[in-house]
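Undergrad: The primary structure of each chain is shown beneath.
There are 2 protein chains.
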Amino acid sequence: MKLAELATPAALVDGTRMQRNIVRMQSHIDALGVRFRPHVKTTKCLPVVQAQLAAGARGITVSTLKEAEQFHAAGIDDILYAVGIVPAKLPKAAALRRAGCALKLLVDSVPAAQAVADFGRAQALDFEVFIEIDCDGHRSGIAPDSDTLLAVGHALQRGGMQVAGVLTHAGSSYDLATPDALQALAEQERHLCVLAAERLRAAGLPCPEVSIGSTPTALSARHLEGVTEVRAGVYVFFDLVMANVGICRTDELALSVLTTVIGHQADKGWVIVDAGWMAMSRDRGTAKQAHDYGYGQVCDVTGRPLHGWLMNGANQEHGIVSHAPTPAADVVERFPVGTQLRVLPNHACATGAQYTEYQVLDTHGRVQAWPRFQGW
Amino acid sequence: MKLAELATPAALVDGTRMQRNIVRMQSHIDALGVRFRPHVKTTKCLPVVQAQLAAGARGITVSTLKEAEQFHAAGIDDILYAVGIVPAKLPKAAALRRAGCALKLLVDSVPAAQAVADFGRAQALDFEVFIEIDCDGHRSGIAPDSDTLLAVGHALQRGGMQVAGVLTHAGSSYDLATPDALQALAEQERHLCVLAAERLRAAGLPCPEVSIGSTPTALSARHLEGVTEVRAGVYVFFDLVMANVGICRTDELALSVLTTVIGHQADKGWVIVDAGWMAMSRDRGTAKQAHDYGYGQVCDVTGRPLHGWLMNGANQEHGIVSHAPTPAADVVERFPVGTQLRVLPNHACATGAQYTEYQVLDTHGRVQAWPRFQGW
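Sequence order for the protein chains is R and C. The first sequence maps to residues 1 to 376 in this note's numbering. The second sequence maps to residues 1 to 376 in this note's numbering.
Source of the hints: derived by calculation from the structure; they are not laboratory data. From a predicted model like this one, the values you see are computed outputs, not experimental measurements. Check before you lean on any hint, since a few could be wrong.
Copies of the same chain look alike in the list, so a pair counts if it works inside one copy or between any two.
[Unchecked claim] With a straight-line Cα cutoff of 30 Å, these simulated DSS-like cross-link-like pairs (lysine-lysine) come out:
id : residue 1 : residue 2
1  : K66       : K288
2  : K288      : K92
3  : K268      : K288
4  : K2        : K288
5  : K2        : K268
6  : K66       : K92
When you get a sec, could you build the whole thing from the sequences and use the hints?
TA: Take a look at the structure:
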């Protein structure tokens, strides 16, 4: 199939750029001497994950048990579920373990650790459990210098579970925009997670793994002493938020939305396209960054950015494209009804989640559909 | 199944409230003496649409050809595709017509009308085509007093197509918040669409249908002289945006997200739940309204709103719930790990779109899964 034959809107992946992004991250982490465990929440797409594993990734990270089930069914055994586990989800986790999946769980409190231990003992399963560390105050996790850290470790060990290690995610890296700030946060992420591991070991607890990562810090780290694995997700496609953070160029973005012009409001300089917020997602992540791209940067059908043209408004199935700062007077002539355009998204994870498949473009201009899944 | 057995996050529908919302809208439009054609883009869920039809709706409105295909396959024949058609989508439209679907198309320009006519003639199909009218400047459509209106009508008629009528959507109603402003916009929507119909008829063109609607204007209209049908979508569930607009109360919201507490940051008064932006959508539609609900209003598991508790932050699979204006000191005791909560969403269309099924709760506390579809 060719681009012109695709039904729009479509989630278009530039296969060459994707592969280059995969190699870039893998090489960087290889050079730092640790394992790389990609976060598959970005794509939920088996061929993408297979490309990541073929490039050298070891195991995967998931954000839902559905991801774990789907990828385990596809033959991937080493899976880290990097969201705090709750009691009601333990039966599914047990089923995965019994089916041969080396599933790793995550906790950040004594009650959660206790619940895993109680359930595991009752089921005669010794779950591998990571302890989540808070390295930047942005979300979950235990302070690395807290008493709770050791209490959680002891609760797991006493309960007969395997303390797999410590894990952190410097999610606040998305708010940064300079190499110095990113390197400093990468070092903070590394240092605090290693500190937590050392405290557990000093208390006589095992802590084989030290797992860190976010796309911006992973690509900014200068050394990873004491770390055993890095996780990152959005690097596989990158997006406009990441371009604003400064860790990729816009010509490295592998995901765009293919759309068709359906009409105009010529007086206002508006081009109406058939990609609205359902196609782009409601993510406005660049709104608070240096360069606000609205709902996305508009490109021609070959992927060349059209300077000044953004999707500045979005309804469910309508996007409003216009030129800023000066509206264009010739929108009807420039973009006739039926014209195909591409739109680079703010956030590749959110945009991809709106689709049941990616359309992957090869260097010969041929397109192949790669299914992706949704839901929990 | 009971609530406590549901995997979270889940899209929970209060069946009683939904049915009440359906009856409210249908009765209101019935009393105004016109037909009601619900917009099914909100739910994309057959049992919901069947309930709307059972209550008296005549035909449906869709936002994608996939919706048309799915609902036609389920036995619904009278379908209006209310997004401007482009040439590349005409083969699918033709296939639906040939399969017996009374599919109505929409155009708002001479080139689009010409493309439909050229394709229709070549295929020996006389498509029923609506002309889109702009009644409030918010998106697509032709000014009702413009020459283009007549040119489009003539292009369709000359090309052998059926001019089905005129259609408008007062989408700017979402920006209003008083009954007076809503009534004024409802009257403007009616008046300008009827004006367009009268101009077509005066020019010797047929214009049997005058189709208007948005949830806020539909519920605010006092009379509908000259109108033949009303369209609306989000009324079936309502949401926090609609509550801010003032056309529903929060205890009429039928959709909420069921979530589970997975942890805390007690020092900050944060409760971490397993519903992030993937479960709520990225929609922040209340941000610019009188009451900003963050990512949603938190309720207890029975659906009772917890005053002051909002989802104030969201990552992909993590939501951060906190109390404002004063953070609570007792989050661990108040919401232990494993606690189920419900979160009312900003925008029911965007939130529902994140799920492959709704969990519908009946008056006996039993839950039934209703599938919904996604994509294009």
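Undergrad: All hints are to be evaluated individually against the structure, with a verdict given for each.
TA: Consistency of the hints with the structure:
In this assembly of identical chains, the alpha carbons of K66 and K288 never lie at most 30 Å apart, being 32 Å within a copy and 35 Å across copies at closest. Taking the shortest Cα distances, K288 and K92 never come within 30 Å of each other, neither inside one copy (39 Å) nor across copies (41 Å). With identical chains, the CA atoms of K268 and K288 are at most 30 Å apart both within one copy (26 Å) and between copies (23 Å). In this assembly of identical chains, the alpha carbons of K2 and K288 never lie at most 30 Å apart, being 37 Å within a copy and 42 Å across copies at closest.
Neither within a single protomer nor between protomers do K2 and K268 lie at most 30 Å apart by alpha-carbon distance, with minima of 33 Å and 53 Å respectively. For a Cα distance limit of 30 Å, the shortest separation of K66 from K92 inside one copy, 9 Å, qualifies, whereas the shortest one across copies, 33 Å, does not.
Checked against the numbered hints given earlier, this structure breaks hints 1, 2, 4, 5; the rest are met.
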